[in-house]
Amino acid sequence: MNDLTPSREERTENLKGLGCSRKRVEDARFTQGKGNYVDDIKMPGMLFGDFVRSPYAHARVKNINSEEALKVPGVLAVLTAKDLEPLGLHWMPTLAGDKQMVLADGKVLFQGQEVAFVVATDRYAAADGIEAVEVEYEELPVVVDPFKALDPDAPVLREDLEGQTEGAHGPRKHHNHIFLWEAGDKEATESVLASADVVAEEMVYYHRTHPCPLEPCGCVASMDKVNGKLTLWGTFQAPHAVRTVASLISGIAEHNIRVISPDIGGGFGNKVGVYPGYVCSIVASIVTGKPVKWIEDRMDNLMATAFARDYWMKGKIAATKEGKITGLWCHTTADHGGFDACADPTKFPAGFMNICTGSYDIPVAYLGVDGVYTNKAPGGVAYRCSFRVTEAAYFIERMIEILAIELNMDAAELRRINFIKKEQFPYQSALGWEYDSGDYHTAWEKALKAVDYEGLRKEQAERVEAFKRGETRKLLGIGLTHFTEIVGAGPVKNCDILGLGMFDSCEIRIHPTGSAIARLGTISQGQGHATTFAQILASEIGLPADSITIEEGDTDTAPYGLGTYGSRSTPVAGAATAMAGRKIRAKAQMIAAYLLEVHDDDVEWDVDRFAVKGAPERFKTMAEIAFAAYNQAIPGIEPGLEAVSYYDPPNMTYPFGAYICVMEIDVDTGVHEIRQFYALDDCGTRINPMIIEGQVHGGVTEALAIAMGQEIAYDEMGNVKTGTLMDFFLPTAWETPNYTTDHTTTPSPHHPIGAKGVGESPNVGGVPAFSNAVHDAFRAFGLRQSHMPHDHWRIWKTAHDLGLHG
Amino acid sequence: MAKQHYTLTVNGEQRDVLCEPRELLIHTLREQLDITGPHVGCETSHCGACTVEINGKSVKSCTVFTAQANGADVTTIEGLGSPDGLHVLQEKFREHHGLQCGYCTPGMITRAHRLLQENPNPTEEEVRFGIAGNLCRCTGYQNIVKSILAAAAEMNAAKEAAE
Ligand code: FES
Ligand code: FES
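Going down the list, the protein sequences come from chains Z and H.
Using our numbering, you'd call the opening residue of the first sequence number 1 and step up by one each time.
Using our numbering, you'd call the opening residue of the second sequence number 1 and step up by one each time.
Just so you know, the hints here were simulated from the structure itself, not pulled from any lab data.
Honestly, I wouldn't trust all of these hints.
Chain Z stretches covered by chain H per the calculated footprint, using a threshold of three residues with CB under 8 Å from any CB of chain H [to be verified]: (1) 12 to 19; (2) 224 to 237; (3) 522 to 530; (4) 538 to 551; (5) 722 to 731.
Cβ atoms here follow ideal geometry from the backbone N, Cα and C, with glycine treated the same way.
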């Protein structure tokens, strides 16, 4: 007989499982400066590599002379495309099915492109070596405008593709064209548009920006020639995929490659792709027989690795006079730069842009996306975004606002009458997705009430009158957004990257004394996986989260998985964790039944133990079961307690949210002030509310940056105008407001614990909320559309163009 | 370039280094002295990831040459806590979720540490202004500010109790 104290509630609390704001286990290390990031790695004899980069956006490379560079003390080698060519490594595949030069092969296509790789004893010697490399360029005409890139007589950018009329995603219609990707029903949509009561039409531009994590990209490659093993540490959001790709392109057998992602200082999509620095470091390590480190600096980062967005989205939205939307049409021109280096699933070259019907019940829709080459850096990656969802959400949330103007209607009401209703889920969208669950009306009303929407509109109307009377120079904007995300890529049947299915995995090993280690195919970059995955597991297997170690990022030990981006960790690896936990529990049940001398079906699970049905005082705790699993001979049951699960999700998950931004705008200076920002998120089952809130704060702040100032801008010569943190806007604590967070909970019906993922929602919803606030402030004065980022100059210009400066 | 000999006190310990006069302090700390708490986020004095204290002032260590720090007293994040426990600031950052990826954290806490010496009882505005030289890409600052205010309150309460 066993004592029944502590109570069930106490035992549950003791687990620190699902739903509790468990403090992060990572933090003791990080707060003491004991993190282990890639640049902290130091190995005996380690060399340092760095790039000679192109000052031109488009030029022929006539000659590279390394003679002087090789005389610089400390410089050991200078690699060029010629050196890589015999190995077949002067070009590499991109994750989007295109290929990219590792080092300039005859020409350069963007400013900052990698031309030569200098290997030296330390970073200072490498910098000296770079200075001494002489490159002879012949400038070529530059194309920075994606529309002009498609002019019949536009210069040919990708000479390597000349004459190729088939690309990785179908026919190419022009020498600078990459693909046309279509979804929906074009004909039906156009016929709805032709006969609609009202059609609102607009070009919505989502400018080029950059994820810019605080830690730039980098790696250390170490080829051990004695045993033929390559170890590669790096800032990889997808270490397993990097191993496979490294094996495919280098010819080194996959078991001889070990990829390790140590601590990562933020990723936000910047660290998904494969960059020339990785390839060159590997080659340099093979050539020199020494470990080689490559760490990009901030300028390299902003100029060369992973821009995001740059989507020109032409939209038409049709509705009845009463405001019921009848159709949506969108044609996007996607500027990919010199190489198509997105990291989208193969079948989705424009990512999940076809979620652009948003939260609305739109009967018919069409989307076409033309990908185009220009003389800009290659990309575009998903910056805190599940493959172009940010673009899609911005597009539809702008189109709704513009339709509201066209209809002379309140934008909150227009949304309300068009939301997909709760009872319509699972909902089949016109562009091909099946939304799993949602309750948009409840979220919307909660949000409107929280900010006193009616009161705000009244205040705004009074402000407009006061402005017209000359009593104030400040306008009030109310930025509304209701977004629907699509995350958790994804079902292997339609989601792969370079042929690698997008499942994920978890492997659990229970130790005899009732603690455990779990390894996953994902990798945290600040999301707190070591904390939250242990919570999922604690609730599943009844061992305290504090007794569970979570390990990720080492391909030699972790099970294969596609990594962390696109808010996929919780929906996919989180599901794998729960499923693996359930396998553990199934075996534990048999062991418990044996120990309790009853039939398997006569015991039931109770928080942290199996108890005999109807006799709760007869039980075995998980810790006792774990000990028995190893140390007691149980007939018919193998010793040990381990499980692995590879989870292929049946569907994506569809988190959603309602964000409202209240903004004051000074018409004369263009300066804005955020008076209030309310963020309601519904991410299904909530694992750790503290971490969710942190993700929302961070994501909305990135949205603030993007909407209000952050931009990768080029001049006509293809020079990057925003290549340092002086010009590229990252908000400080001073510019960043406090946010109010809130939630509703609509679990995903197909996810084992009902969780949907949240990391990207605040960026997806935040950008339209800020941008709509700016637009809304000027709505009474006739503004329909202005381009982001809404920096002080652009806002001033908007006011000026509207005649508000007298 | 010929190397020179410099002596600095780092976290209370005297350290001798041999480096070129052009070497930045952040590189000497990280690469020669294995003090990897301070990080590099830009090398152009914008991000604050490399923040340390030099002679009682917050300094971005990518902004100074090691040569300029010759003879100086340098404190890094490694010098704040003690082997057996976290500094109040470190503890409060943990408690209030003031960090995510942790890359800005050493610089941020080092800056906050000095800020609270300069102004032991700051308002939220003063904290926001006081850490505006340190960028964080993950947290949106709200919880960082909360952590620093909580640390200030606890440090003040401890001081009062001691008096
Ligand atoms: S690395 Fe020194 S301020 Fe950014
Ligand atoms: S916690 Fe990641 S940059 Fe601040």
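How the hints compare with the structure:
1. 12 to 19: As far as the segment 12 to 19 of chain Z goes, the hint is violated, because 0 residues have Cβ atoms under 8 Å from chain H.
2. 224 to 237: Per the Cβ count (0), the hint is violated.
3. 522 to 530: holds (count 4)
4. 538 to 551: This one is violated; 0 residues, fewer than the three required, reach chain H with a Cβ under 8 Å.
5. 722 to 731: holds (count 4)
In summary, the numbered hints that this structure violates are 1, 2, 4.
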